[in-house]
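> One-letter residues, chain by chain:
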Amino acid sequence: MGELSAALQAKRIAVCVGPGGVGKTTLAAALGLGRALAGGKVLVCTIDPARRLANALGLEALGNVESRVPEARLAEAGLHARGQLFAMMLDVKRTWDDLVARHAPDPARRERIYRNRLYQQLSSALAGSQEYMAMEKLYELATERDYDLIVLDTPPTAHALDFLDAPDRILDFLGNDTARTLLAPALSAGRVGLKLFQLGGSYVAKTMARFTGAEVLEDLAEFMATFQGMYGGFKDRAAAVRALLAEPQVGFVLTSSASPRAVDETLFFHERLRAERMPVAGVVANRVTRELWGPGPLPDAVELEAALAAQRVPDGTLASRLARTLAEHELLARADAREVARLFAESSGARVELPRLDTDVHDLAHLARLAAAL
Amino acid sequence: MPGLALLDRRLLVVTGKGGVGKSTIATALALLAARRGRRVLVCEVNAQERVAPLLGAPPAGFETRQALPNLFTANVTPAEAMREYGLMTLRFKTLYDAVFENRVVRYFLRAVPSLSELVMLGKVLHEVRTEEHGRPRWDLVVLDAPATGHAVQLLRVPGALLETVPPGPLRRDAEWMHALLVDPRKTSLQIVTLPEEMPVNEAIELEAAVRTVLGVARGALFVNAMPEARFTPGETSVLSDLVAAAPPLGPAAAAARLQALRAEQAGRYLARARAAIDLPAVLVPLLARERWDLGAVEAVAAALEPALAGASPPPAGRR
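So the sequences go chain by chain: A and B.
For the first sequence, this note's numbering begins at 1 and goes up steadily by one.
For the second sequence, this note's numbering begins at 1 and goes up steadily by one.
Calculated directly from the structure, the hints in this document are not laboratory data.
Fair warning: there could be bad hints in the mix.
What the hints assert, rightly or not - Listed below are several chain B residues computed to face chain A (Cβ distance under 7 angstroms; list not exhaustive):
id, residue
1, R10
2, G18
3, G19
4, G37
5, P251
6, A252
7, A255
8, A256
9, Q259
10, L261
11, A288
12, L294
13, E298
Everything numeric in this text was worked out from a predicted model, so none of it was measured.
In this text, a Cβ means the ideal position worked out from N, Cα and C, and glycines have one as well.
Between the sequences and the hints, there should be enough to build the whole structure, so can you do that?
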């Protein structure tokens, strides 16, 4: 068993985080498959998998529903799972709607919220909404299901911090005291909409309407009115999610590539997790170009020409192209080695380096091989 | 391929999946324009600044700052864009301070969906149309936009406001912003991708969104880090058999085999992107560089130059 799999052995929840484009989703799937093969009921919850990966996991048509990867599919890939593998794709809008339905006191209120334009924006487009819902879904799955391991893939964030900050930001918005203070007279009178501008002739409200436009404030007033009485439920739930993330049953898996930018972002995130006392299970450096030549000067075209001749390979310009290719490879490998060393020196937990593979990983057999390396 | 007259536009928007090299392409385009004697501003949006460091200059922050001759950078943040926009709308600093510097009000404004996008985009577009001494302050503004989803969210704000907001100051702003964005003589959007599965998928989705949702004119598809086809299939198969040979041939053959596999795979994804996206594809070769610095940007710019030659005047000479 690989170092990372060992570090996750005692965990019930693995949260895969990292910058965009480093192969997070694939690693999340591989971690889940690995554990299912070893025995265990596992769920992989992904956000936006590549189509072929989604197909491999049987996620073609499903949204927000857990579905089992059929044993026949695993058998086709030459795999035998002692446990069970489930997969699902997170549907952000549906998760929001479910959350509202859970907290709404009655169906009429629920429908009013669904229809509100501000809510529609919030549930689909507002930055951070995805991150919040990923956490929300995780909490539901962790508390209401009996998986041995849940692997959560996370959305690519514009800033690594969004992931931890977004829930607070959105909750603060939902329970925004300013908004309520500003809108309170209208709310208590049961009057919203056009009466907004009579907020006691509020100077602040008037200036803001000039700035945002009246309709925005009207929508907001209606939104706040319909949400009244639901803040408590939302807030309690978010606090519980936050507490869950700091429990020892959770392990964060940081995924990076060897690019300096990805390493910077990953280390930044690592620091933040540590500050928040959230458990880091390990760090993965993915798609690393490995050195093929030791220390010492690289071979030139003349040496390679001689070597080719000894193997009776016709040359032409092949030797010089080979020399150039090896030199470029080594340059990239050295740069990668330097960045991986920096990543590992400043991080904690299991450390796994994965080489850049010959092909994309998009079927169960490849995933299983990747899992073995983790 | 006929020259893409991209550098003649007033605003170039550069976007694509996270990690595909948007900032590098945006910076290289800006560098080319600056070298042709244009006054260029590169704007990042609420980002960890990459453009100025790539040019070897200190981070600019919100204020525009010169990095190289003719080449300026800025990082547009929501709080500062809100303040600038507020001052412009309300005209009186005391009024702004009384209302907007109130901690609670500021928080509230930040939370209203789309408002921060509106003021950030507004700042960038304002830079495009501002004139000084009877001529534009910038000949070209390059917007190093956020990754796909966030970029669409940012760019669709004016259009969305036009659909929902009644006449008033906000609508007037949305009107000129929208008009500037959808004017094909002024604005052109570039999609950056890598010849890999997910980036190509995202580029295809993005291109459709630009066409159907945003209505912004599309310029080119930049395929970054494209490995060259360096070995023939025959050579590749011979080299695959030599991977286990003694050094120096074994390691060289191994490197060549990896290069050939990568090139072959990239070729397939390039073909897929070309089949699905009806835009000129500009290939940026995979550059073996140990560090991404000004030298790397210059190399990318040199690779872009042939595709951009044509309608634009010749280089004004290196400074």
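> Which hint numbers does the structure go against, in order from smallest to largest?
Failing hints, ascending: 1, 4, 12 and 13.
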